[in-house]
Amino acid sequence: MNEKPQSPNNRGNRHNNRRNKPKAEPQNTQVEWNPQPCSICSEIVQEMSSAIAYGPEHLPAHMECVLKELEKRETPGTGERLLYIGAGNFALVKDSETGSLEIVKKIPVETKDNAPEWRKDIRNQISKSP
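Residue 34 in numbering that gives the first Met the number 0 sits at position 35 of the sequence shown; the count goes up by one each step and never skips.
Treat each hint with caution, since some may be false.
To be verified - Subject to a maximum C-alpha distance of 27 Å in a straight line, what follows is the list of computed DSS-like cross-link-like pairs (lysine-lysine):
hint: 1; residue 1: Lys93; residue 2: Lys104
hint: 2; residue 1: Lys104; residue 2: Lys71
hint: 3; residue 1: Lys127; residue 2: Lys105
hint: 4; residue 1: Lys105; residue 2: Lys93
hint: 5; residue 1: Lys93; residue 2: Lys67
hint: 6; residue 1: Lys127; residue 2: Lys111
hint: 7; residue 1: Lys111; residue 2: Lys67
hint: 8; residue 1: Lys104; residue 2: Lys67
hint: 9; residue 1: Lys119; residue 2: Lys67
hint: 10; residue 1: Lys105; residue 2: Lys71
hint: 11; residue 1: Lys127; residue 2: Lys67
hint: 12; residue 1: Lys111; residue 2: Lys71
hint: 13; residue 1: Lys93; residue 2: Lys71
Hints in this document: simulated from the structure, not taken from any laboratory.
Could you build the full structure based on these sequences and the hints that come with them?
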């Protein structure tokens, strides 16, 4: 039997078929939801995925508006500031002597347990997107 050696660029049908397949068209990954008014400033929250469920009714609010409200309530001291630390939590932080941030106080605002329907809808749409 006289077989031709296969070059790395021509490894046979199995590999060539995979390379020659047309690429799938990108799917629309945009998540859709209805913008709602901010529960603090009343302006429309354009990016509902970045909204924070705020207040006793867990209505959407701009993250910046929540930060301003928390600054009024927490009154950061010298060298302290409020930051969003993720998962619906904010923190009062200060710079440590080593240059890292030290959490003075963790401030939970939104939890998975008390997520309102609008937040659940967004999570469901995001988890279903490709």
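Each hint tested on the structure:
no., hint, verdict
1, Lys93 - Lys104, "10 Å, holds"
2, Lys104 - Lys71, "15 Å, holds"
3, Lys127 - Lys105, "31 Å, violated"
4, Lys105 - Lys93, "12 Å, holds"
5, Lys93 - Lys67, "17 Å, holds"
6, Lys127 - Lys111, "18 Å, holds"
7, Lys111 - Lys67, "23 Å, holds"
8, Lys104 - Lys67, "16 Å, holds"
9, Lys119 - Lys67, "25 Å, holds"
10, Lys105 - Lys71, "16 Å, holds"
11, Lys127 - Lys67, "33 Å, violated"
12, Lys111 - Lys71, "25 Å, holds"
13, Lys93 - Lys71, "17 Å, holds"
In the structure shown, a violation is registered for the earlier hints numbered 3 and 11, in ascending order.
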